[in-house]
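So the protein sequences, as listed, match chains Y and F. First residue of the first sequence: 289, per the numbering used here; consecutive thereafter. First residue of the second sequence: 78, per the numbering used here; consecutive thereafter.
Hints in this document: simulated from the structure, not taken from any laboratory. For each residue, glycine too, the CB sits at the ideal point set by N, CA and C. Take the hints with a grain of salt, since some may be wrong.
[Claimed, not checked] Label pairs and their computed distance ranges (CB to CB):
#1 F/Asn-143 - Y/Trp-351: 15 to 25 angstroms
#2 F/Ser-293 - Y/Pro-459: 22 to 32 angstroms
#3 Y/Trp-351 - F/Ala-183: 19 to 29 angstroms
#4 F/Met-504 - Y/Ile-398: 27 to 37 angstroms
[Unchecked claim] With the Cβ distance kept under 10 angstroms, some of the chain F side facing chain Y (calculated, not the full set):
#5 Glu-286
#6 Arg-306
#7 Met-558
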Amino acid sequence: MRSIKIHCKKSLNDFCKKILLSIFTVVSVSQSTFAAEGDDPLLSMVVMDKFEVLNNNEKTRVWEGSAWFGYDINKLYIYTAGEATADGLESSQNELVYSRAIAPFWDAQIGLAYDKNADASKTWAEVAIAGLAPYYFETRAALLINGDGNVGLRVDAEYEALITQKLILTPSLEADFYTKDDAKLEIGSGLSSVEAGLRLRYEFVREFAPYIGVTWGRTFGNTRNYNAINETNFLVGLRFWF
Amino acid sequence: MQRRTFVKGLAASSLLALGTTTVAQARSRTMPISNKDTLTGKEFFLTIDYTTVNITGDTAVATTVNGQISGPTLVWQEGDTVTLHVTNKLKKSSSIHWHGIILPPAMDGVPGISFNGIPSGETFTYRFKVRQHGTYWYHSHSGFQEQTGVYGAIVIKPKRKEPFRYNKDYVVQLSDWSDEKPTTIYKKLKQMSDYYNFSQRTIGTFIDEVKEKGFSKAFNDRKMWNQMRMNDGDISDITGYTYTHLMNGQNPSTQFKALFKKGQKIRLRLVNSAAMTFFDVRIPGLKMTVVAADGNHIKPVKVDELRIGVAETYDVIVQPKRNKAYAIFAQSIERSGYAMGSLTPSSTLLARPPKMDPIPKLTMVDMGMDMGAMGKKGGTGMKCSSGMAMPSKKSMKKYKWAAMDAQKYPITKLPMARGVQTTMMAMSPKYRLDDPGVGLRHNGRKVLTYADLKNRYSTKRDRKPDREIVLHLTGNMERYMWSINGIKYADSKPLQFHYGERLRITFINDTMMNHPMHLHGMWSDLETGDDNRLVRKHTVIVQPGSKISYRVTVDAKGSWAYHCHLLYHMGGMFRKVVVS
Numbered sequence: 289m290r291s292i293k294i295h296c297k298k299s300l301n302d303f304c305k306k307i308l309l310s311i312f313t314v315v316s317v318s319q320s321t322f323a324a325e326g327d328d329p330l331l332s333m334v335v336m337d338k339f340e341v342l343n344n345n346e347k348t349r350v351w352e353g354s355a356w357f358g359y360d361i362n363k364l365y366i367y368t369a370g371e372a373t374a375d376g377l378e379s380s381q382n383e384l385v386y387s388r389a390i391a392p393f394w395d396a397q398i399g400l401a402y403d404k405n406a407d408a409s410k411t412w413a414e415v416a417i418a419g420l421a422p423y424y425f426e427t428r429a430a431l432l433i434n435g436d437g438n439v440g441l442r443v444d445a446e447y448e449a450l451i452t453q454k455l456i457l458t459p460s461l462e463a464d465f466y467t468k469d470d471a472k473l474e475i476g477s478g479l480s481s482v483e484a485g486l487r488l489r490y491e492f493v494r495e496f497a498p499y500i501g502v503t504w505g506r507t508f509g510n511t512r513n514y515n516a517i518n519e520t521n522f523l524v525g526l527r528f529w530f
Numbered sequence: 078m079q080r081r082t083f084v085k086g087l088a089a090s091s092l093l094a095l096g097t098t099t100v101a102q103a104r105s106r107t108m109p110i111s112n113k114d115t116l117t118g119k120e121f122f123l124t125i126d127y128t129t130v131n132i133t134g135d136t137a138v139a140t141t142v143n144g145q146i147s148g149p150t151l152v153w154q155e156g157d158t159v160t161l162h163v164t165n166k167l168k169k170s171s172s173i174h175w176h177g178i179i180l181p182p183a184m185d186g187v188p189g190i191s192f193n194g195i196p197s198g199e200t201f202t203y204r205f206k207v208r209q210h211g212t213y214w215y216h217s218h219s220g221f222q223e224q225t226g227v228y229g230a231i232v233i234k235p236k237r238k239e240p241f242r243y244n245k246d247y248v249v250q251l252s253d254w255s256d257e258k259p260t261t262i263y264k265k266l267k268q269m270s271d272y273y274n275f276s277q278r279t280i281g282t283f284i285d286e287v288k289e290k291g292f293s294k295a296f297n298d299r300k301m302w303n304q305m306r307m308n309d310g311d312i313s314d315i316t317g318y319t320y321t322h323l324m325n326g327q328n329p330s331t332q333f334k335a336l337f338k339k340g341q342k343i344r345l346r347l348v349n350s351a352a353m354t355f356f357d358v359r360i361p362g363l364k365m366t367v368v369a370a371d372g373n374h375i376k377p378v379k380v381d382e383l384r385i386g387v388a389e390t391y392d393v394i395v396q397p398k399r400n401k402a403y404a405i406f407a408q409s410i411e412r413s414g415y416a417m418g419s420l421t422p423s424s425t426l427l428a429r430p431p432k433m434d435p436i437p438k439l440t441m442v443d444m445g446m447d448m449g450a451m452g453k454k455g456g457t458g459m460k461c462s463s464g465m466a467m468p469s470k471k472s473m474k475k476y477k478w479a480a481m482d483a484q485k486y487p488i489t490k491l492p493m494a495r496g497v498q499t500t501m502m503a504m505s506p507k508y509r510l511d512d513p514g515v516g517l518r519h520n521g522r523k524v525l526t527y528a529d530l531k532n533r534y535s536t537k538r539d540r541k542p543d544r545e546i547v548l549h550l551t552g553n554m555e556r557y558m559w560s561i562n563g564i565k566y567a568d569s570k571p572l573q574f575h576y577g578e579r580l581r582i583t584f585i586n587d588t589m590m591n592h593p594m595h596l597h598g599m600w601s602d603l604e605t606g607d608d609n610r611l612v613r614k615h616t617v618i619v620q621p622g623s624k625i626s627y628r629v630t631v632d633a634k635g636s637w638a639y640h641c642h643l644l645y646h647m648g649g650m651f652r653k654v655v656v657s
């Protein structure tokens with residue numbers, strides 16, 4: 289186990305170096321001097337999609353966000369999501385991926401995922417596809433592979449329904465699957481967990497939108513044996529980006 | 078948006094009343110031909126510098142020519158050799174491009190193509206012979222400086238008497254201004270391409286649609302757009318949310334004023350110097366007689382309204398019959414704001430703005446779909462059942478443009494890519510010269526279309542084209558990327574034009590936006606239905622989902638720019654043309 293971890297760390301380093309190198313290559317190649325401002329400047333974006341407190345006994349704090357920097361075609365993405373209570377971190381899922389636009393609406397991604405809960409952590413190699421499906425469903429599917437032979441699939445989709453130009457209702461659905469049990473991380477094989485949400489936000493400006501909502505989460509199979517969840521919670525939160 | 082514009086304007090005018098001198102308001106451009114904002118002669122001194130302005134009620138730093146927005150109107154005489162000393166006091170490289178002027182390539186002012194730009198602190202001297210007359214304009218071709226104020230009008234007096242008469246002559250220069258930095262705007266568009274669009278479909282508008290055309294039709298309609306991940310409210314990338322629309326540098330509250338005496342004929346030289354805004358211009362109560370397009374005389378045509386694309390110019394003559402103030406009303410194509418001035422017998426008498434037209438929606442015609450096949454079930458080539466709002470009976474009628482379609486010239490194939498750069502392809506693009514365009518169809522007014530444009534002089538003797546090239550205007554609205562033939566400028570090879578040839582260029586617009594395409598150095602002789610009356614233009618609007626053709630006499634050796642004139646599209650939707 290230890291050797292795997294060390295190996296992972298080493299490969300993580302190599303991977304990061306490679307990504308940075310490729311990005312710098314892209315920077316230098318795409319520099320062009322012409323009439324208009326460079327059409328493809330180096331940009332970044334930080335989006336905190338969910339930053340909320342649940343109305344349960346633990347007053348669970350939930351976050352989910354992403355950050356990218358890069359160009360039209362090539363970007364480096366960080367995804368992070370998790371839950372914490374007054375006692376500290378419950379669980380988190382974090383990803384660092386190189387993302388490349390491969391189709392008009394779709395990005396292919398490759399990188400590493402790092403899961404952590406109060407007692408354990410796990411690093412995965414990851415490939416994912418992210419983009420906008422027909423009918424404007426914001427979608428992401430990630431395939432995770434760990435040295436212990438466990439393979440995970442995490443799928444999430446989100447839709448934005450405009451009630452007015454500024455009042456936006458967002459249903460979302462997320463499901464996780466695994467091929468093996470991992471007692472420490474409290475994940476079981478098969479369908480592990482499902483979470484559905486409905487959030488209503490008001491965009492005072494595009495970048496700043498408080499919201500209210502409700503989520504329903506449930507664990508299944510062996511995950512349920514480790515950590516039985518079947519609960520519905522109301523929530524308040526803030527969505528912001530810059 | 079309307080209210081916001083008003084409030085902003087109000088703030089600005091109260092500042093004016095307090096005596097605060099700001100660039101935008103300190104000037105009145107009632108008499109451009111004799112005004113100090115007008116420079117006349119053979120030698121000109123222009124300085125590009127930073128200027129603090131107050132256009133919206135807040136101060137902002139503009140880049141200006143001789144300290145003013147718009148820059149001074151330059152009056153030249155056809156046949157003269159003009160000398161223009163342009164000093165750049167910005168911290169960055171700058172340039173001036175003389176838009177629509179036929180001149181040697183080294184004088185064209187496009188950094189990286191004509192010359193290296195004017196470095197900070199230096200002066201560049203342009204000198205060329207003026208071989209044309211009419212209404213043109215100039216602007217910076219560096220970075221986003223055009224958005225922040227580096228533009229002005231050019232009036233070239235003709236050698237020979239013009240074939241129409243007028244008593245007064247005014248430049249009406251339209252533009253758009255934002256207190257936001259252009260780089261910030263561009264960043265926001267890349268982060269979220271519909272950032273400035275607040276006229277999207279909502280549940281509320283869906284209910285209205287259901288009331289209007291029934292549930293299944295409304296549902297199918299929306300289903301189709303959503304399935305394609307396209308937004309039928311996507312008319313302009315940047316709107317009145319951030320823009321204040323200007324007329325000769327005045328906002329709708331401070332108002333540009335053009336004075337007249339009852340019965341006089343007034344020539345208005347309309348110039349669209351906006352970075353991104355198409356304007357629909359009318360003067361309620363008056364017919365406008367259009368006498369020139371892009372500086373060139375056309376057969377006069379009387380209209381109530383005209384759409385002026387970015388970088389186009391039109392000369393119109395109006396004759397007010399009553400002693401009242403008329404609104405020169407230029408609403409933005411997506412109806413989020415307007416520029417406005419008064420045509421008035423007295424500078425204290427101002428016109429009231431008319432109501433803006435409803436917010437337009439794109440139709441399947443604007444997607445370049447075959448409306449003939451739409452009727453037949455499943456014959457669309459797109460995965461959609463039916464139920465789209467039919468555009469109009471007029472455009473359903475047999476196109477009289479079959480003759481233009483039938484023209485066959487040897488086609489030179491160009492590299493083409495269909496990848497990340499393109500989200501849409503016009504399945505069945507049509508010549509739509511008699512289509513006034515989205516938002517102007519069947520509005521009860523006589524609206525100018527390209528089909529109305531006929532050269533004042535015969536073009537019978539013009540050569541027939543030797544060959545043809547086809548350029549697809551492509552883009553990915555979701556990622557805010559723009560290109561030609563699916564290849565952006567940075568990845569493209571120059572287009573090769575052969576010196577001495579007559580070239581036909583056909584554009585196919587594979588996007589949902591109007592693109593004003595501007596060829597430098599040579600005229601674009603637009604086919605508008607009569608080969609004997611090809612109209613000379615420098616900038617040609619290619620409507621969404623449509624095609625359009627023009628002919629170019631390749632008579633200017635050297636390197637030239639060829640691009641979409643929407644400033645935030647230009648980086649990608651651009652080609653270098655090499656004539657050899």
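Going through the hints against the structure:
{"no.": "1", "hint": "F/Asn-143 - Y/Trp-351: 15 to 25 angstroms", "result": "violated, 53 angstroms"}
{"no.": "2", "hint": "F/Ser-293 - Y/Pro-459: 22 to 32 angstroms", "result": "holds, 23 angstroms"}
{"no.": "3", "hint": "Y/Trp-351 - F/Ala-183: 19 to 29 angstroms", "result": "violated, 58 angstroms"}
{"no.": "4", "hint": "F/Met-504 - Y/Ile-398: 27 to 37 angstroms", "result": "holds, 35 angstroms"}
{"no.": "5", "hint": "Glu-286", "result": "violated, 14 angstroms"}
{"no.": "6", "hint": "Arg-306", "result": "holds, 6 angstroms"}
{"no.": "7", "hint": "Met-558", "result": "holds, 5 angstroms"}
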